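J.: Take these sequences, add in the hints, and give me the full structure.
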Amino acid sequence: DTEVTQTPKHLVMGMTNKKSLKCEQHMGHRAMYWYKQKAKKPPELMFVYSYEKLSINESVPSRFSPECPNSSLLNLHLHALQPEDSALYLCASSQDPGSEKLFFGSGTQLSVL
Amino acid sequence: AQKITQTQPGMFVQEKEAVTLDCTYDTSDQSYGLFWYKQPSSGEMIFLIYQGSYDEQNATEGRYSLNFQKARKSANLVISASQLGDSAMYFCAMNEHDGNNRLAFGKGNQVVVIP
Numbered sequence: 845d846t847e848v849t850q851t852p853k854h855l856v857m858g859m860t861n862k863k864s865l866k867c868e869q870h871m872g873h874r875a876m877y878w879y880k881q882k883a884k885k886p887p888e889l890m891f892v893y894s895y896e897k898l899s900i901n902e903s904v905p906s907r908f909s910p911e912c913p914n915s916s917l918l919n920l921h922l923h924a925l926q927p928e929d930s931a932l933y934l935c936a937s938s939q940d941p942g943s944e945k946l947f948f949g950s951g952t953q954l955s956v957l
Numbered sequence: 003a004q005k006i007t008q009t010q011p012g013m014f015v016q017e018k019e020a021v022t023l024d025c026t027y028d029t030s031d032q033s034y035g036l037f038w039y040k041q042p043s044s045g046e047m048i049f050l051i052y053q054g055s056y057d058e059q060n061a062t063e064g065r066y067s068l069n070f071q072k073a074r075k076s077a078n079l080v081i082s083a084s085q086l087g088d089s090a091m092y093f094c095a096m097n098e099h100d101g102n103n104r105l106a107f108g109k110g111n112q113v114v115v116i117p
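If you read the sequences in order, they're chains A and B.
Count along the first sequence starting at 1, add 844, and that's the number in our numbering.
Count along the second sequence starting at 1, add 2, and that's the number in our numbering.
Keep in mind the hints are simulated off the structure, nothing from the lab.
Don't take each hint at face value.
[To be verified] Below are the PhoX-like pairs computed for lysine-lysine, each with C-alpha atoms no more than 25 angstroms apart in a straight line:
#1 A:Lys-882 / A:Lys-853
#2 B:Lys-109 / A:Lys-884
#3 A:Lys-945 / B:Lys-72
#4 B:Lys-18 / A:Lys-945
#5 B:Lys-75 / A:Lys-853
#6 A:Lys-882 / A:Lys-862
#7 A:Lys-885 / B:Lys-75
#8 A:Lys-885 / A:Lys-897
Everything numeric in this text was worked out from a predicted model, so none of it was measured.
T.: Structural data, given as structure tokens:
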């Protein structure tokens, strides 16, 4: 299994809603990542988890809250988002924090109304 | 400062032809990794090829090859025998070996393969 699975594929939410994005991998990878990608732009790193601990937070607003319940799962909890947060949210994993090759999921296309 | 530069406009490529996508990078590190990813309209970022800064041979993966010119700080991707399924956005990325696994992405090249 060489897949990173993200759910849901599409999400529409209001600014007062609370929702969560989910990411799962069963490759035994110990590093997991959240990236944000606006249309026609490159992905931007948000968070990195290494061995289930948050190792990098790229000054992301607190309305985005990551969680790593175990080594296979990564969540991104969303609360009180703004329309400008609408984007493709990509999850990725790598064998370990120093491993070069990142495996990406298909992303969740988020629209905030 | 921008670490990865991809400046080509959108490209139309004839099926079965080869295409070269340009990428230049900027780093003062001696140890780093260079990557190319493909992103079709479905959204998934697909890993294509990797070149380490100390690798003496240019990387190849099937129809993909990386033309690595270290002194010029360029890492161009060559796709041979283009197929319709190669239509996608292509991103060049770099990982400086500074202990933080951060990928710096270029702005991407849009490639459309025409029959």
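J.: All hints are to be evaluated individually against the structure, with a verdict given for each.
T.: Status of each hint after checking the structure:
1. A threshold of 25 angstroms between alpha carbons decides the hint, and for Lys-882 (chain A) with Lys-853 (chain A) the separation of about 15 angstroms falls inside it, so the pair holds.
2. For a cut-off of 25 angstroms, the pair hint linking Lys-109 (chain B) to Lys-884 (chain A) stands: about 8 angstroms separates their Cα positions.
3. Of the pairs offered as hints, the one joining Lys-945 (chain A) and Lys-72 (chain B) holds, with about 20 angstroms between alpha carbons and a cut-off of 25 angstroms not exceeded.
4. A threshold of 25 angstroms between alpha carbons decides the hint, and for Lys-18 (chain B) with Lys-945 (chain A) the separation of about 28 angstroms lies outside it, so the pair is violated.
5. As the CA atoms of Lys-75 (chain B) and Lys-853 (chain A) are separated by approximately 37 angstroms, the hinted pair breaks the 25 angstroms bound.
6. This hinted pair checks out: Lys-882 (chain A) and Lys-862 (chain A) have alpha carbons roughly 21 angstroms apart, not beyond 25 angstroms.
7. Distance restraint check for Lys-885 (chain A) and Lys-75 (chain B): the Cα-Cα separation of roughly 23 angstroms lies within the 25 angstroms cut-off, and the hinted pair is therefore satisfied.
8. Using a Cα cut-off of 25 angstroms, the hinted pair Lys-885 (chain A) and Lys-897 (chain A) is violated, with the two alpha carbons roughly 28 angstroms apart.
Going down the numbered hints, you'll see the structure goes against 4, 5, 8, while the others check out.
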